[in-house]
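A.B. asks: Sequence:
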Amino acid sequence: MMTIRSSSESISLQRLTLLQLMRASLKWIWGIEFSSLIRKFVSKIQDVGACVALVSVRVYFKKCPFTIKNLAMFPDTVPMDSQSLVEVQGSCVNHSKEEDPPKMYCSTEGEWLVPIGKCLCNAGYEERGYECQACRPGFYKAFAGNVKCAKCPPHSSTYEEGSVNCRCEKNYFRSERDPPSMACTRPPSAPRNVISNINETSVILDWSWPLDAGGRKDVTFNIICKKCGGNIKLCEPCSANVRFLPRQIGLTNTTVTVVDLLAHTNYTFEIDAVNGVSDLSTFQRQFAAVSITTNQAAPSPITTIRKERTSRNSVSLSWQEPEQPNGIILDYEVKYYEKQEQETSYTILRARGTNVTISGLKPDTTYVFQIRARTAAGYGSNSRKFEFETSPDSFSISSENSQVVMIAISAAVAIILLTVVVYVLIGRFCGYNKSKHGADEKRLHFGNGHLKLPGLRTYVDPHTYEDPNQAVHEFAKELDATCISIDKVVGAGEFGEVCSGRLKLPSKKEISVAIKTLKVGYTEKQRRDFLGEASIMGQFDHPNIIRLEGVVTKSKPVMIVTEYMENGSLDSFLRKHDAQFTVIQLVGMLRGIASGMKYLSDMGYVHRDLAARNILINSNLVCKVSDFGLSRVLEDDPEAAYTTRGGKIPIRWTSPEAIAYRKFTSASDAWSYGIVLWEVMSYGERPYWEMSNQDVIKAVDEGYRLPPPMDCPAALYQLMLDCWQKDRNNRPKFEQIVSILDKLIRNPSSLKIITNAAARPANLLLDQSNVDISAFRTTGDWLNGIRSGQCKDIFTGVEYSSCDTIAKISIDDMKKVGVTVVGPQKKIISSIKALETHTKNGPVPV
Numbered sequence: 001m002m003t004i005r006s007s008s009e010s011i012s013l014q015r016l017t018l019l020q021l022m023r024a025s026l027k028w029i030w031g032i033e034f035s036s037l038i039r040k041f042v043s044k045i046q047d048v049g050a051c052v053a054l055v056s057v058r059v060y061f062k063k064c065p066f067t068i069k070n071l072a073m074f075p076d077t078v079p080m081d082s083q084s085l086v087e088v089q090g091s092c093v094n095h096s097k098e099e100d101p102p103k104m105y106c107s108t109e110g111e112w113l114v115p116i117g118k119c120l121c122n123a124g125y126e127e128r129g130y131e132c133q134a135c136r137p138g139f140y141k142a143f144a145g146n147v148k149c150a151k152c153p154p155h156s157s158t159y160e161e162g163s164v165n166c167r168c169e170k171n172y173f174r175s176e177r178d179p180p181s182m183a184c185t186r187p188p189s190a191p192r193n194v195i196s197n198i199n200e201t202s203v204i205l206d207w208s209w210p211l212d213a214g215g216r217k218d219v220t221f222n223i224i225c226k227k228c229g230g231n232i233k234l235c236e237p238c239s240a241n242v243r244f245l246p247r248q249i250g251l252t253n254t255t256v257t258v259v260d261l262l263a264h265t266n267y268t269f270e271i272d273a274v275n276g277v278s279d280l281s282t283f284q285r286q287f288a289a290v291s292i293t294t295n296q297a298a299p300s301p302i303t304t305i306r307k308e309r310t311s312r313n314s315v316s317l318s319w320q321e322p323e324q325p326n327g328i329i330l331d332y333e334v335k336y337y338e339k340q341e342q343e344t345s346y347t348i349l350r351a352r353g354t355n356v357t358i359s360g361l362k363p364d365t366t367y368v369f370q371i372r373a374r375t376a377a378g379y380g381s382n383s384r385k386f387e388f389e390t391s392p393d394s395f396s397i398s399s400e401n402s403q404v405v406m407i408a409i410s411a412a413v414a415i416i417l418l419t420v421v422v423y424v425l426i427g428r429f430c431g432y433n434k435s436k437h438g439a440d441e442k443r444l445h446f447g448n449g450h451l452k453l454p455g456l457r458t459y460v461d462p463h464t465y466e467d468p469n470q471a472v473h474e475f476a477k478e479l480d481a482t483c484i485s486i487d488k489v490v491g492a493g494e495f496g497e498v499c500s501g502r503l504k505l506p507s508k509k510e511i512s513v514a515i516k517t518l519k520v521g522y523t524e525k526q527r528r529d530f531l532g533e534a535s536i537m538g539q540f541d542h543p544n545i546i547r548l549e550g551v552v553t554k555s556k557p558v559m560i561v562t563e564y565m566e567n568g569s570l571d572s573f574l575r576k577h578d579a580q581f582t583v584i585q586l587v588g589m590l591r592g593i594a595s596g597m598k599y600l601s602d603m604g605y606v607h608r609d610l611a612a613r614n615i616l617i618n619s620n621l622v623c624k625v626s627d628f629g630l631s632r633v634l635e636d637d638p639e640a641a642y643t644t645r646g647g648k649i650p651i652r653w654t655s656p657e658a659i660a661y662r663k664f665t666s667a668s669d670a671w672s673y674g675i676v677l678w679e680v681m682s683y684g685e686r687p688y689w690e691m692s693n694q695d696v697i698k699a700v701d702e703g704y705r706l707p708p709p710m711d712c713p714a715a716l717y718q719l720m721l722d723c724w725q726k727d728r729n730n731r732p733k734f735e736q737i738v739s740i741l742d743k744l745i746r747n748p749s750s751l752k753i754i755t756n757a758a759a760r761p762a763n764l765l766l767d768q769s770n771v772d773i774s775a776f777r778t779t780g781d782w783l784n785g786i787r788s789g790q791c792k793d794i795f796t797g798v799e800y801s802s803c804d805t806i807a808k809i810s811i812d813d814m815k816k817v818g819v820t821v822v823g824p825q826k827k828i829i830s831s832i833k834a835l836e837t838h839t840k841n842g843p844v845p846v
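Quick note, the sequence shown lines up with residues 1 to 846 if you use full-length UniProt numbering.
If you're looking for bench data, these hints aren't it; they were derived computationally from the structure.
Ideal placement from N, C-alpha and C gives every residue a C-beta, glycine not left out.
Hints may be right or wrong, so weigh each one.
To be verified - Distance windows between CB atoms, simulated: (1) Thr464 x Gly215: 51 to 61 Å; (2) Pro325 x Leu418: 45 to 55 Å; (3) Arg192 x Glu341: 54 to 64 Å.
Stated by the list, open to error - Taking lysine-lysine and the DSS-like style, the derived pairs with C-alpha atoms no more than 27 Å apart in a straight line are: (4) Lys525 x Lys504; (5) Lys726 x Lys698; (6) Lys509 x Lys477; (7) Lys733 x Lys743; (8) Lys504 x Lys576; (9) Lys226 x Lys148; (10) Lys339 x Lys307; (11) Lys97 x Lys62; (12) Lys362 x Lys339; (13) Lys217 x Lys151; (14) Lys554 x Lys335.
All chains should be built: construct the whole structure from the sequences, respecting the hints.
C.D. replies: So, in C-alpha cells, the structure goes:
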C-alpha cells in the first residue's frame with residue numbers, strides 16, 4: 001500500500017493485482033484543487049509496503065497561454081476549478097480599436113474557447129500577422145477595418161507610412177463629395193465647334209463636348225452673355241431681359257436658345273464647361289466664345305393714334321411711324337372691337353400707310369382700337385388701347401317715305417333670312433349632320449364688319465385648307481410671345497419640347513399653361529402637322545376637352561399653348577394612386593370622358609386614339625380628352641401601334657373593323673371608350689397585359705374579351721361588353737353612355753353589385769389576378785405576377801416561402817409585415833383565394 005499526503009489530505013492506492021504488477025510500468029495522475037487563497041502546498045509520498053518501485057514524480061499545473069486572437073491580446077490565465085470556464089477580457093493590439101469588446105473563455109484543460117468580439121486596425125493601418133502595421137508609401141486606408149491598404153487611385157500619391165488618403169497631383173483635385181477611392185480629376189477643356197443660328201432677335205447656340213472632360217461625368221455648361229459696341233473689346237453684361245431656354249447655368253445639353261436680344265446689336269457669348277472640381281482650380285477658366293450681330297427686329301409699339309373724323313358708321317384714324325422701326329415697315333395691323341364686347345369678338349384689317357378709314361360701324365357706339373406695325377422680322381407689340389365713338393344716328397324717316405323705307409327694310413331682312421336657311425340646308429346636305437346649339441357663333445364677314453348667326457357647330461378638317469396658316473388663324477387665337485413665360489421643361493414629343501409656364505394677357509389674370517414648342521430645324525410638313533393639332537383643338541369648347549389658349553406663329557419658336565392639367569395623364573395618375581378612390585369617384589371621371597366624347601361625336605369628329613394616356617386630369621379630378629395628333633402618340637410608344645398599309649393605329653384600343661378596314665367612326669371610338677373604362681377600373685393596368693399585338697388581334701377576332709377588373713361593379717362591366725360588341729351598330733352611342741353613367745351616379749347602390757365569377761361570359765381572356773402560383777419559384781415572382789412587386793422588400797425575410805404558408809395570410813398579417821395600402825392588399829387577397837384552390841386541388845387549370 002502506498003499513500004500520498006498533501007497537507008492534511010491523503011489518498012491510498014488500491015490494492016494492485018498480480019497482473020498489474022507484472023506490467024512494465026504504471027502511470028498514475030492525481031489532481032488537487034486549491035482555493036485562490038492558498039499560497040503554497042507540501043506534497044509527501046509514503047511507502048507503506050506497496051510492491052512497486054517509484055521511478056519518478058512530476059508535479060505540474062495547467063494554464064491558458066498568452067495568445068492573440070482577432071487582433072486582441074489575451075494574457076496567461078490559470079483555470080479556477082475543474083467545473084467552470086474563466087472569462088478573460090482581451091485588449092486590442094497597437095493601432096487598433098474595438099469593434100465589439102473582445103473576450104474568450106479559459107477551460108480547465110488550459111485551452112482557449114469561444115472567441116467573442118474583435119478589434120479593427122485604425123485608418124492608415126492594415127492587419128499583418130497578428131498586429132496592425134502602417135500602410136506602405138503609395139498605399140492608403142481611409143477607414144478602420146480589417147482590410148488591406150489600397151493603392152492610391154490615379155493622379156494621386158502618398159510618400160508617408162500610415163496614410164489615410166492620397167494627395168492629388170498638381171493640377172488635379174478631389175471635391176468634398178468624392179470618395180477617397182476616386183481618382184483625382186481636373187476641370188474640363190473648353191467646348192468645341194460653337195455654331196450660332198441667328199433668327200431676328202434670338203440666337204440658337206450649338207457646340208460639341210470638350211475633348212477632355214477631366215475624368216468626370218458631371219460636366220455642365222454655363223453661358224455668359226455680353227453686349228458689345230462697335231469695338232468688341234468694349235463689352236458689358238447683357239440686360240436681365242435676355243432669356244435663356246431652357247436655362248443659362250447648369251446646362252446638361254449642348255444647345256441653348258437666347259431670346260429677347262436687341263436688334264442690330266453685337267453680342268459675344270462665352271460657353272464655359274465646368275465639372276465638380278472647377279471651383280477648386282486656380283487656373284484661368286476654359287471657354288469657347290462666339291460673336292454675333294442680331295438681325296433687324298420687330299418694330300417698337302406705336303405711341304399715339306389720332307382721330308381725324310367720324311361719322312355715324314365710320315372712323316378715320318392716323319398715326320406716326322414707330323420710334324424704332326428696326327427695318328422697312330411693310331404694313332400695319334388695325335384691331336378694333338366694341339368696348340362692351342370686351343375683346344371677345346374683334347375685327348382685324350391691314351393698312352399700307354399711316355392712316356385708315358374704318359366703315360361698317362354702329363352709330364353712337366364706343367370702339368377700342370389698337371395698331372401694330374410689321375417688318376420682315378414680324379409684328380411689333382400692339383399699341384395701347386385708344387377709344388373713339390361714332391356719331392349719333394341722325395337719320396329720320398319722313399312720313400311720306402316711311403312706307404317705302406319699311407318695304408325696303410322688310411325685303412332686306414327676308415333676303416338675310418333666306419340666306420341663313422340656304423346656308424343651314426347646304427351644311428346639312430354636305431354631311432355635317434351633327435351639331436350642337438350653344439353660345440358659340442359662326443361669323444360671316446361682310447367687308448370690315450361681321451354678322452353674327454346663332455348657327456351650328458360642325459368640325460372642319462384643317463387639312464382641307466391649302467394654307468395651314470389660314471386654318472390656324474381662323475380657329476386659334478394668336479398670342480404675343482411676350483405674354484408667355486416658360487418655367488421648366490416637363491417632357492419631349494415628336495415635334496419638340498413640352499414645357500409648363502404661365503400666360504399673362506393684358507387685363508386678365510395670370511394662368512398656368514402647358515406649352516408645346518416646335519423644335520429647331522423643322523420641315524414644312526412638321527410645321528403643318530404641328531399647327532394642325534391647334535387648328536383642331538381651336539374648334540372645341542367643352543369642359544371635358546382640353547382648352548386651347550392660343551398659338552404663337554409669328555415668332556420663333558412656334559408654340560401651342562393649352563390649359564395646364566396638374567395631375568398629368570390619367571393612366572399614370574391611377575397607377576400612382578392605386579385603389580385610393582371610391583367607385584363613385586371613378587364613375588365621375590368616366591362620365592366626364594364620355595361627356596367630352598359626346599361633344600366630339602356631335603360635332604362629327606372621330607378621335608381615333610382614345611386611351612387613358614390621352615386623357616388629362618386636373619387637381620379637381622376633372623378628366624379632359626386631349627391629344628388630337630395621332631402620329632405623336634405612336635412615336636412615344638412603338639409597341640402601342642400595329643403598322644398596316646394605311647399607317648399606324650393603336651391596336652389594344654382599336655375596334656376590329658378599324659384594324660381590318662381602317663373604318664374609323666364614333667362607334668370605333670365607343671370601342672376605345674370601353675378599353676378606357678377597363679383601364680380606369682383596373683387603375684391603369686395595360687390592356688391585354690403582355691400579349692403581343694398579333695395575339696390581341698387574333699383573340700379579339702375570335703370573340704375573346706378582357707375579364708372584369710378586380711371588384712368591378714357588374715353594371716360597369718356590362719357597359720364594357722356593350723362597347724366591345726363586334727357589330728358596331730350594336731354599340732352604345734356616347735349620348736347613351738352618358739345617360740347610363742348618370743343613372744349609376746344617381747343610384748350608388750347599383751354599383752355595389754360586383755361581377756360574379758360564376759356568371760362571367762365564357763369567352764374571356766385569362767384574368768391576370770388568378771395566376772398559377774406553381775409557375776413562380778419565389779415569393780417575389782408571385783408578387784410580380786399579380787402586379788404587386790412593390791411589396792417584395794416587405795416580404796423579404798418573412799416566413800412565407802410556400803403555397804401553404806402564403807395561402808394562410810390574412811389582412812391583419814399583411815398589416816403586420818407592412819402592406820398597408822389598400823390596392824396591393826386587394827390584389828394579394830384575390831390571388832390568395834386562387835391559392836386556396838391550388839393548395840387543395842392542385843394547380844389551377846388555365
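A.B. asks: So, for every hint listed, does it hold in this structure?
C.D. replies: Each hint, compared with the structure:
no.: 1; hint: Thr464 x Gly215: 51 to 61 Å; result: holds (59 Å)
no.: 2; hint: Pro325 x Leu418: 45 to 55 Å; result: holds (49 Å)
no.: 3; hint: Arg192 x Glu341: 54 to 64 Å; result: holds (57 Å)
no.: 4; hint: Lys525 x Lys504; result: violated (31 Å)
no.: 5; hint: Lys726 x Lys698; result: holds (13 Å)
no.: 6; hint: Lys509 x Lys477; result: holds (17 Å)
no.: 7; hint: Lys733 x Lys743; result: holds (16 Å)
no.: 8; hint: Lys504 x Lys576; result: violated (32 Å)
no.: 9; hint: Lys226 x Lys148; result: violated (54 Å)
no.: 10; hint: Lys339 x Lys307; result: holds (17 Å)
no.: 11; hint: Lys97 x Lys62; result: violated (31 Å)
no.: 12; hint: Lys362 x Lys339; result: holds (12 Å)
no.: 13; hint: Lys217 x Lys151; result: holds (23 Å)
no.: 14; hint: Lys554 x Lys335; result: holds (16 Å)
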